[in-house]
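Line by line, the protein sequences give chains A and B.
According to our numbering, the first sequence is numbered sequentially starting from 1.
According to our numbering, the second sequence is numbered sequentially starting from 1001.
Hints were generated in silico from the structure; no laboratory data involved.
Bear in mind that the values here come from a model prediction, so they are computed numbers and not experimental data.
Be aware that one or more of the hints could be misleading.
[Said to hold, decoys possible] Heads up, simulated DSBU-like pairs for lysine-lysine below, C-alpha to C-alpha not over 30 Å straight-line:
(1) B:K1305 / B:K1418
(2) A:K263 / B:K1385
(3) B:K1305 / A:K263
(4) B:K1079 / B:K1021
(5) A:K184 / B:K1305
(6) A:K184 / B:K1418
(7) B:K1079 / A:K184
(8) B:K1420 / A:K184
(9) B:K1385 / B:K1342
(10) B:K1257 / B:K1155
(11) B:K1418 / B:K1257
(12) A:K184 / B:K1385
(13) B:K1342 / A:K263
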Amino acid sequence: MFGVANLTQERIVLALALGLTTVFSIALPGFLTAENLLSLVRSVSVLGILGIAMALVVIGRGIDLSLVAVMAVSLAWTLHMVATGVPLAVALALGLAFCLLAGIITGFLIAYVEIPAIFATLAMGTFIYGFGRYFLITLDVVYLPDAARSIVWIGSGSFLGIPVPVLVFGGVCLLGALFLRYVKAGRYVRAIGDNLLAARITGIPVRPIIVMQYALSGLIGFVAGLVTATSVASMNIRVANSTFVYDVILVVVLGGIGLSGGKGGVRNVIVGTLLIGVLINGMTIMDVQYTVQNVIKSLILLAAIVADTIINPRDEQTAQQGDI
Amino acid sequence: MKTILELRHATKEYRGVPAVKDVTFTLEQGEVHALLGENGAGKSTLTKMLAGVIAPTAGDILLDGQAVELRGPSDALHKGIAMVYQETSLVPSLTVAQNLYLGDARWFNRLRGIYIAAQQFLQSLNFPVDPTALVSSLGAGQKQMVEIARAVHHKARVIIFDEPTGTLTPEEKHHFFALVKRLQARGVSIIFISHALEEALQISDRITILRDGEYVVTDRTENFDRDRIVRAMVGRTLSDELYGRADQRRARPAGRKVLSVQNLSMGTMVRNNTFSVFAGQITGIFGLIGSGRTETAKVIAGIMKRDFFHGGQIRLEDRPVRYRVPRPAIRDGIIYVTEDRKLEGFFETMSVAENIYVAAMAGGQSRSSMVSMSEMRQLAETWTKALNIRVINSDARVVELSGGNQQKVVVGKALVQKPKLIIFDEPTRGVDVGAIAEIHQLINRLADDGMAVVVISSYLPEILHLSDRILVSRQGRIVEEFTGGQADEETIMYAAVH
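From just these sequences and the hints, can you work out the full model?
Have a look at this one:
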């Protein structure tokens, strides 16, 4: 179908996902049913939505380790406010504003104070978790109050037989892809990720774009939080201390978005999410232990990276092939 | 004479494109062998094969008549072949002595011990370098001495110099040549890559010339003169056509004053600099590396961070301006075309069209916040045609293009932003001859069309050929001004170094 030169990591991972799907379909009864496939995609839709947020930041040569903390604390706060009598719309608006503000502060620290993204977001993530836990809510787990029943459809409903979380994931993917391709700011994000110095010299407003990138990440984090909270009818902010954010990075890197920036797009996130989804679903049907699942997940990631390195070597020679 | 190192029918391909094709090269014991050719002729590739940095795709390397396989630079060094690079490969945060003994360190090195040993060793070579100094504090010439000392320390029988004199002052150059003679007297064989033909003629015993990756000729140096070398290098008498005497045409008169710089100071690189630039002519700025030319340009275009700004005034069309980032400078029509296109010139994962379109967007040519694919295609078509950018297919990433085409993309990115004042910093560095001619033509056309053009170059023939006015920069300021055609190479060089 395509030559060796075209075997990008994205295609390797897609082939791997399709291969696994085939194997599972044959080996596991009940895998290849419409119901199971939908629940498969549904189970990874939050991961996928967060993956899009992370991808936008990583394409701009950043990383957002505060993503899950922002998602968890903002939604927990929103639910808490609703429970204490704040109107739902106001609570949602405040939660969203919280996400945007957190993103803007993070972006400011990175773009203007020039702190490396990995440290800035690590610190912000811890800060947001601690701040939220101490000042905004009283318990680690906030349950969905009755006053918020009207938004439960986001996490639990379905439309034309497709679960709403899957539709939300699709919508975020579509918007993300359109943003990267058709909005100038999206092009700037990619340019900055490709070569920050060149972006600056070319006259791209580098700093505002970096701030925007983290604000967007916070915004998408809020959407992911909405889906989570409404599908399990609660928000447990301890997720901010789990390895969930690394799963998000795994999806992004697995799909083939280089951490060095500038490369990849929404398609890569979808492919990475699908592989993880198929894998987790299959292993759950097979009743594989959670810890073993983690080992397998990480081995798959290593395999994808190794395969990519072998097929697309990035050594001094290719890097310098301009001056032969 | 005994042949010490030999390359037989060597070919090196990158992604199926040969950089060196079927080249045979011999090096004799104790000779200085100059390797000449234009940018992209394959000199660096050839020497990298000899130094074990890259492996030939086909062909053999023979050391003392025995076929050898070099498994890497350290293996080559072990066998007595050392390479001294254009950009030094020293570790800047270590001292001179530590760098000298790097790689053959035992488990524990007593610092005092290696300082004493290094001191004696450097003295035996007659190098005035302090072994306890940090390499980052040394000048270019001293760094090179340390590199050479390291090669000698490793008992290298073959030392390869890649453009050793490019960053040296005339005095250091003199010293370097004396050193080469001393090494030669010790029986060391030397390969010497250079762009300066006079140097090659002066110092070498034999000369080999490559062109487009192919072997052209090897002969004893006394059988060569400048003309024969140039003919062999370019395959036609292109040199005169490229860098013909400047006085064959009249200098363009100065138009209105576009930029005036008064008493500009910045960091340690720009000191109290004052000069003006006029529309409709080319202002050439000549200076050695480190003379503050690039830094001055970067302050004007807002690229330098403000922390380094120490005062002075910049006026654009009589309006005082001070840019903290490049964006407003670009909006006002000041555009800087970088000397280092890989570092800050283009977006390597993007196609030519995307590169030019990103620049057009950033330059504020269209108000909308949405991307227009048709506008992108149309801009790309216009500029690839206008600049004669050659791409295999329109989706090719810029990083896959040749140096000349990459440079044209960088120039296209600048021109699409409609500059009033354009500053070209080393516009033809790492660019093949054909593209040099095209870029020069383009620069001339821009000036004819009334744009204020500044060309910064450390290559004198380029300055002489292009400039209507020549400014000479030294130690962070403009020290001398000449009208094009009035000055010759010696006068300008004299102003730049004294």
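Taking the hints in turn, this is what the structure says about them:
no., hint, verdict
1, B:K1305 / B:K1418, "24 Å, holds"
2, A:K263 / B:K1385, "28 Å, holds"
3, B:K1305 / A:K263, "28 Å, holds"
4, B:K1079 / B:K1021, "25 Å, holds"
5, A:K184 / B:K1305, "26 Å, holds"
6, A:K184 / B:K1418, "19 Å, holds"
7, B:K1079 / A:K184, "55 Å, violated"
8, B:K1420 / A:K184, "25 Å, holds"
9, B:K1385 / B:K1342, "23 Å, holds"
10, B:K1257 / B:K1155, "59 Å, violated"
11, B:K1418 / B:K1257, "18 Å, holds"
12, A:K184 / B:K1385, "25 Å, holds"
13, B:K1342 / A:K263, "17 Å, holds"
When the structure is compared with the earlier hints, violations turn up for hints 7, 10 and for no others.
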